[in-house]
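Whole structure, please, built from the sequences with the hints as guidance.
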Amino acid sequence: MNYNELTRRYFESAANVGELTGAGVFRGAAGSQTLGTWVQFDLQINAGAVSAARFLAFGCPHTIAVSAWLAEQAVGHAVKPQLPEGVQGLRDRFAVPVEKMGRLLIIEDAWLAAAAAAAAALEYGENTHISRLTK
Amino acid sequence: MNTARKPVYLDHAATTPVDARVAASMADVLRSETEYGNPASTSHDYGDVAAALVESARTQVAAAVGASAAEVIWTSGATEANNLAIFGASQYYRDRGRHIVTVRTEHKAVLDPCRELERRGWEVSYLVPDKEGLIDPEQVAAALRPDTVLVSLMHVNNEIGVVQNIAAVAAICARHGGAWLHVDAAQSVGKCPIDFAGLGVDLMSLSAHKVYGPKGVGALLVAHRGDFSGRGRVQLAALQFGGGQERSLRAGTLATHQIVGMGLAFELASTISSMETARVAQLQQRLWRGLAALGGVLRNGSATRSVPHVLNVSFEGVEGESLLAAIRPYVAVSTGSACTSALAEPSYVLRALGRSERLSESSLRFGLGRTTTEGDIDTAVAVLTREVGRLRQVAGATPVA
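Protein sequences appear in the order of chains A and B. With the first letter of the first sequence counted as 1, position 28 gets the number 27 in numbering that gives the first Met the number 0; the numbers rise by one all the way through. With the first letter of the second sequence counted as 1, position 298 gets the number 297 in numbering that gives the first Met the number 0; the numbers rise by one all the way through.
To be clear, the hints were calculated from the coordinates, so they are not data collected in a lab. Hints may be right or wrong, so weigh each one.
Unchecked claim - Examples of chain B residues toward chain A, derived with CB under 8 Å:
{"no.": "1", "residue": "E320"}
{"no.": "2", "residue": "A324"}
{"no.": "3", "residue": "A351"}
{"no.": "4", "residue": "R357"}
{"no.": "5", "residue": "T397"}
For every residue, glycine included, the Cβ atom is placed at its ideal position computed from N, Cα and C.
Shown next as structure tokens:
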């Protein structure tokens, strides 16, 4: 399997790995390690914008690289119920083979779960929502 | 590949570097002004010189595996030898029976011909090994039927290195009387002793490039002996035609330089000392100790009934493709998944041993050989320790420091 330079860089460095705790942290996860791909995002929200993001991922280099990139890109932007870049855009940017589109959808599900939790909390005034799905 | 900083090569079970003496012998033939004749040309000295080289190599190969020179049929490699054995025997004995016995953990070069025969109407029984990868010879006995014409069983497994009890299976086949025994021994030469005649095997596939010889040449041993059961000698139908070479079993001009290389490679392999085997065994133990210290590392295959040249392990908590990508710049090994597309398929051998899909995908096969050093092992252990730890951290299996 060949990977483009961006995929190699984010796979090898994989910054923003880990979990966040405390007020204003919202978590979303999707997939299953048993089935081969699992992703979790923690988003820390301050004044409606992402102030910190962390991820965990069990999956192929594309899965790890895309997750790391999303966690990096999110900081400083308003939390929205959508990926910072759409699935097709991510596929092009990271040269993800079509056979792996399902993995990008798992990443999207994890991201949307965290973003939706943040959006709901902002709407109802909650400040923490962590729902860890099964690994 | 950056040749200034090459990855440590630990994939000797896939192929081996050509021994410098072997390469020199082949180059001598290619450069020679007298050795380029067609070995089948008996009308002049050029042909006779080439034929003498071929026959000398035939003797070298035979001597290395306890066979007679007349039992050696040159092929392009073990895959062709397996095909000739399986299709040749099944075709020749098709009127006597159309049942074959083999094992789920055989190489694809055996399984795919068997599947093709199934498509053509043969029946194939696929034996399931135990969780260490071993077949009980009694499983073979139980699978034999009156219409069984062939049993195909590999000697040393290419993925997990386990050694099957060939002699016991050969005795069972001889008692049956109608089932010939084919053994894929591509991984055996130079790793453990082979006595073709003593084992009682009827057909045996050999490869040069697993033994520090060239790619593109191998052999099928076809037993000439009869046995006391009165069944006579194994016969094969030819698969290719066009010149009558190799007792009309394998037509085609012989590649003298390749054959000379294989002959010398086998002669050198037969002189490998017990000290070298012990050295490789020590390296394997060093590797296993280093990897086991990581925790969550499972050994695949029998630790006691295997060659020391192969170590197959599964890593818990890491995904297979990421593991291979992470270590690829530093260590050359084989993965437990077959990348036939962008999505890897888990090893069917490890799945047959009962390993889960995830653990089959996250397995690595380390192939140790003559060129492997303690430094290579230490590098591999250091890289695996770092990268497995990192990937487990990314997966949340261990806390981020």
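Status of the hints after comparison with the structure:
1. E320: holds (4 Å)
2. A324: holds (5 Å)
3. A351: This interface hint is violated because 20 Å lies over the 8 Å limit.
4. R357: Holds: closest Cβ of chain A sits about 7 Å from B:R357, inside 8 Å.
5. T397: Hint violated; B:T397 Cβ to chain A Cβ min 11 Å, cut 8 Å.
When each numbered hint is compared with the structure, violations occur for hints 3, 5.
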